[in-house]
Amino acid sequence: MFNNDAFLKGRSGANRLVFTTAILMILFSLSVSAATAQGGGTLRVGLNEPINLDPATGSNDPEVLFNRSIYDYLIEIKPDSTIAPNLSSEWAISEDGLTYTFTLVSGVTFHDGSAFSSADVVFTYNRLKEIQSPALGLLGEFEVSAPDESTVVFTLPAINADFLYGVGSRFASILKDGTTEPNVLVDGDAPYANFNGTGPFVLTDYSPGENATFTRNENYWIEGQPALDGLEFIFIPDSLAQIDALRSGAVDFIFKLDADQVATLEGESSLTIVQRATNQHPVIRIRADEGALGADVRVRQAFKLATNREELLDVVQQGYGVIGNNDPIGPLYSDFYDADLEQPAYDPAAACALISEATGAERLSTDFYVVDSFNYEALATSLQQQWAEGCIDVNILLRPENVYYADTEWLEVDLGITGWGDRPVPQGYFTEAYITGGIYNESHFSDAEADDLVTQAAQTTDAVERAAIYNQISAIFAERGPIIIPWFSSIIGAVNNNVQGLEMHPFPGQTDFRTVTIGG
Amino acid sequence: MSSLNAPIATEPPAKVVSARRQSFLLNTARQLIRRPLSLIGTLIVIIFVFLAIFGPFLAPYDYDEFIRDAEGRRITREAPTLAHPFGIDKDSRDVLSRVMWGTREIMLLPGLATTIAVFFGTTIGLAIGYYGGWIDEIASRVLDSLLSIPALVLALVMLGTVGPSKFGIVIVVVLLYTPIVARVTRSATLNLRDMGYVETARLRGESTLSILFREILPGVLPALAVETALRFSYAIFLIASLGFLGLGVQPPSPDWGRMVQEARGEYAQAWWSLWFPAGAIAFLVIGVNLMADGLRRAFRYEGELR
Numbered sequence: 001m002f003n004n005d006a007f008l009k010g011r012s013g014a015n016r017l018v019f020t021t022a023i024l025m026i027l028f029s030l031s032v033s034a035a036t037a038q039g040g041g042t043l044r045v046g047l048n049e050p051i052n053l054d055p056a057t058g059s060n061d062p063e064v065l066f067n068r069s070i071y072d073y074l075i076e077i078k079p080d081s082t083i084a085p086n087l088s089s090e091w092a093i094s095e096d097g098l099t100y101t102f103t104l105v106s107g108v109t110f111h112d113g114s115a116f117s118s119a120d121v122v123f124t125y126n127r128l129k130e131i132q133s134p135a136l137g138l139l140g141e142f143e144v145s146a147p148d149e150s151t152v153v154f155t156l157p158a159i160n161a162d163f164l165y166g167v168g169s170r171f172a173s174i175l176k177d178g179t180t181e182p183n184v185l186v187d188g189d190a191p192y193a194n195f196n197g198t199g200p201f202v203l204t205d206y207s208p209g210e211n212a213t214f215t216r217n218e219n220y221w222i223e224g225q226p227a228l229d230g231l232e233f234i235f236i237p238d239s240l241a242q243i244d245a246l247r248s249g250a251v252d253f254i255f256k257l258d259a260d261q262v263a264t265l266e267g268e269s270s271l272t273i274v275q276r277a278t279n280q281h282p283v284i285r286i287r288a289d290e291g292a293l294g295a296d297v298r299v300r301q302a303f304k305l306a307t308n309r310e311e312l313l314d315v316v317q318q319g320y321g322v323i324g325n326n327d328p329i330g331p332l333y334s335d336f337y338d339a340d341l342e343q344p345a346y347d348p349a350a351a352c353a354l355i356s357e358a359t360g361a362e363r364l365s366t367d368f369y370v371v372d373s374f375n376y377e378a379l380a381t382s383l384q385q386q387w388a389e390g391c392i393d394v395n396i397l398l399r400p401e402n403v404y405y406a407d408t409e410w411l412e413v414d415l416g417i418t419g420w421g422d423r424p425v426p427q428g429y430f431t432e433a434y435i436t437g438g439i440y441n442e443s444h445f446s447d448a449e450a451d452d453l454v455t456q457a458a459q460t461t462d463a464v465e466r467a468a469i470y471n472q473i474s475a476i477f478a479e480r481g482p483i484i485i486p487w488f489s490s491i492i493g494a495v496n497n498n499v500q501g502l503e504m505h506p507f508p509g510q511t512d513f514r515t516v517t518i519g520g
Numbered sequence: 001m002s003s004l005n006a007p008i009a010t011e012p013p014a015k016v017v018s019a020r021r022q023s024f025l026l027n028t029a030r031q032l033i034r035r036p037l038s039l040i041g042t043l044i045v046i047i048f049v050f051l052a053i054f055g056p057f058l059a060p061y062d063y064d065e066f067i068r069d070a071e072g073r074r075i076t077r078e079a080p081t082l083a084h085p086f087g088i089d090k091d092s093r094d095v096l097s098r099v100m101w102g103t104r105e106i107m108l109l110p111g112l113a114t115t116i117a118v119f120f121g122t123t124i125g126l127a128i129g130y131y132g133g134w135i136d137e138i139a140s141r142v143l144d145s146l147l148s149i150p151a152l153v154l155a156l157v158m159l160g161t162v163g164p165s166k167f168g169i170v171i172v173v174v175l176l177y178t179p180i181v182a183r184v185t186r187s188a189t190l191n192l193r194d195m196g197y198v199e200t201a202r203l204r205g206e207s208t209l210s211i212l213f214r215e216i217l218p219g220v221l222p223a224l225a226v227e228t229a230l231r232f233s234y235a236i237f238l239i240a241s242l243g244f245l246g247l248g249v250q251p252p253s254p255d256w257g258r259m260v261q262e263a264r265g266e267y268a269q270a271w272w273s274l275w276f277p278a279g280a281i282a283f284l285v286i287g288v289n290l291m292a293d294g295l296r297r298a299f300r301y302e303g304e305l306r
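Residue numbers (our numbering), protein chains in the order written: chain F, 1 to 520; chain L, 1 to 306.
Rather than coming from a laboratory, the hints here were simulated on the basis of the structure.
Be aware that one or more of the hints could be misleading.
Residues from chain F that face chain L, not an exhaustive set, calculated with beta carbons under 10 Å [what the hints assert, rightly or not]:
(1) L240
(2) T264
(3) V316
(4) V370
(5) A378
(6) S382
(7) Q385
(8) N395
(9) I396
(10) L397
(11) V403
Subject to a maximum C-alpha distance of 25 Å in a straight line, what follows is the list of computed SDA-like cross-link-like pairs (lysine to any residue) [to be verified]:
(12) L:K166 with F:E401
(13) F:K129 with F:T155
(14) L:K166 with F:Q384
(15) L:K166 with F:E409
(16) F:K176 with F:E141
Virtual Cβ for every residue (Gly too), placed ideally from N, Cα, C.
Using the sequences provided together with the hints, build the complete structure.
Listed below in structure tokens is the structure:
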């Protein structure tokens with residue numbers, strides 16, 4: 001990059017010397033970039049600054065991406081939700097489904113030169129339990145042991161169909177045995193000694209609030225990887241500023257753009273917009289317990305009939321996603337998704353009929369709580385107009401995230417919008433939010449039949465049987481569920497065309513940079 | 001200050017007063033339109049007042065109405081055309097209509113809040129200026145301490161805790177501006193209270209209330225008029241800022257500050273949904289300020305302007 005400042009001064013004609021210098025700098029920088037293009041180059045990523053650097057608890061995209069560059073997982077969850085080998089080359093599950101045996105690859109070393117062995121894996125998973133990592137949500141209860149240097153055995157007290165997704169979860173970066181303070185800066189000569197992984201990149205510089213620089217791990221255990229020479233994270237808190245940085249060439253890759261902002265990048269021939277389907281979705285939920293707005297199932301159905309999902313996806317989400325049903329299992333869970341379930345119809349007249357049948361009044365009027373994230377405000381204003389056609393009048397009350405979720409408000413109100421993130425498997429949505437006593441059961445939905453099916457699903461390892469159970473749950477939700485899902489949104493990123501081999505993960509923080517190259 | 005309303009020792013007959021008041025108003029109006037800048041300011045204010053009253057009837061669409069094409073599909077982000085001179089925003093709404101509807105809100109809330117603040121401020125200022133002594137000492141210190149709180153910080157703290165509402169906004173503005181108005185009124189009162197005609201009224205045995213409001217208030221009025229206009233323009237700005245920060249009124253209401261906030265993210269794609277409400281705020285605030293300046297010149301008021 002040439003010095004922009006010097007260039008501008010030169011053009012103003014005030015100082016010829018500065019101008020000449022600027023030209024020289026341009027020529028120099030061109031030759032430098034030509035030289036680096038022949039190697040793997042350095043990928044510059046524009047993102048928010050990671051805050052919680054502990055691999056076992058850091059959960060958002062920048063945090064996970066940071067850890068993913070320095071560390072390795074035992075097994076990989078690929079962008080298509082399949083599981084692939086990584087530090088573990090193969091694994092076996094016992095007949096009774098209670099014992100998982102992992103075989104580790106050999107010849108792996110940490111950045112400090114020490115060898116990787118089964119003790120490191122045992123340490124890592126015990127640490128997850130010790131500090132109550134969110135990874136336990138999928139891992140459940142387990143014991144881990146190491147019969148020899150290259151074997152790790154997990155023993156479970158009960159069948160857990162999602163256990164492998166827990167093993168490969170984004171919190172399970174493999175740490176060096178005995179690491180007490182992972183990713184904590186130390187004073188002195190080796191400030192990055194605690195950033196000691198087996199991963200593809202080595203941290204060489206970290207400036208809080210500015211950037212993090214990594215160089216290629218020359219001893220990486222996969223021949224020829226990483227293809228890049230280096231990696232730089234540039235911390236840009238504002239999403240508009242990230243877009244400007246990409247457009248001006250200051251960064252090569254950004255992710256998690258608002259659908260609203262994507263259009264600003266269309267027509268930039270040097271950039272590609274990457275879209276990835278995810279199961280992230282807004283939930284419009286109607287409280288369904290006794291005495292609440294949606295206690296009568298006809299009222300819940302009226303809301304569903306009065307919602308024109310096609311228009312919402314088209315206008316509010318600008319087509320970046322797929323239409324949702326009335327349950328959290330999106331088409332991304334290909335096996336578990338019921339493609340034959342009829343898409344909900346838009347019929348405001350039928351909604352009006354149901355409203356007057358259920359309430360005896362011509363119109364229904366209520367407050368509508370909306371959390372102020374993503375494009376949910378626009379979603380709410382659109383719903384307000386659509387529902388008005390269906391004899392439902394709502395008064396929008398916009399709430400900042402930290403107010404709405406901090407308080408119990410979001411769990412109490414009659415009608416609201418909540419944001420739900422992507423999960424590798426759908427089970428968690430149900431156990432958290434849609435069974436009797438679920439900790440986040442915001443709709444207070446309690447249906448004995450659904451509860452029963454959710455418990456069955458957890459203990460069914462056969463994919464076909466499990467799919468049948470989920471399909472039954474979907475049918476129940478279509479008929480009497482408390483939620484409307486207007487869409488499952490796509491995650492949108494944008495990348496410079498000189499970057500090759502970048503496949504964005506549905507959870508962008510888990511994007512794999514090992515085979516990415518720059519230039520050409 | 002004392003030269004404005006020539007001090008008259010005895011109260012003139014009622015008829016003369018009303019004639020004098022009339023010529024005073026006429027004179028002020030004449031002074032206002034004589035200077036081009038204050039004329040422009042006054043015209044802008046008149047236009048916006050007109051819009052505040054009749055805007056909702058004149059606006060081509062409802063503020064929350066979606067514009068659809070012939071097939072019933074929603075139109076979004078359409079650049080200004082003859083049919084939609086201010087364009088269409090990302091949520092398919094006519095920006096011109098929203099700006100027109102929004103005028104009432106942006107005039108009404110600051111107008112109401114300013115009126116209340118001026119009422120309380122004037123009463124307090126007159127009283128403490130007239131009585132003086134320890135009452136004045138204590139009250140002035142209290143006012144000073146209130147004045148030292150940064151406006152936006154107080155607003156954010158208050159509305160953040162009790163939740164955004166129109167009522168809350170009015171309370172915040174009244175709390176912020178009452179001390180300022182009180183201080184201006186007090187200093188004007190201090191200049192007047194020892195005037196001969198006030199002394200005379202006192203000797204004549206008039207009640208304190210009558211002295212405050214019939215003898216002193218008319219003399220304070222010029223300063224007060226300027227102060228009111230200024231407060232009004234500041235209140236518009238403060239309330240628009242609160243809307244921008246999401247602490248104003250709720251969507252889909254056409255609050256100008258909120259409109260700017262909603263359009264901020266897409267200045268590159270749909271500049272019109274940002275420029276027109278932002279321009280409206282700028283025009284109105286500048287207009288009110290120019291008018292306030294004109295008033296100040298008309299009254300030859302050289303008092304403290306904050």
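Going through the hints against the structure:
no.: 1; hint: L240; in the structure: holds, 6 Å
no.: 2; hint: T264; in the structure: holds, 4 Å
no.: 3; hint: V316; in the structure: holds, 8 Å
no.: 4; hint: V370; in the structure: holds, 8 Å
no.: 5; hint: A378; in the structure: holds, 5 Å
no.: 6; hint: S382; in the structure: holds, 7 Å
no.: 7; hint: Q385; in the structure: holds, 6 Å
no.: 8; hint: N395; in the structure: holds, 8 Å
no.: 9; hint: I396; in the structure: holds, 5 Å
no.: 10; hint: L397; in the structure: holds, 6 Å
no.: 11; hint: V403; in the structure: holds, 8 Å
no.: 12; hint: L:K166 with F:E401; in the structure: holds, 21 Å
no.: 13; hint: F:K129 with F:T155; in the structure: holds, 14 Å
no.: 14; hint: L:K166 with F:Q384; in the structure: holds, 21 Å
no.: 15; hint: L:K166 with F:E409; in the structure: holds, 21 Å
no.: 16; hint: F:K176 with F:E141; in the structure: holds, 23 Å
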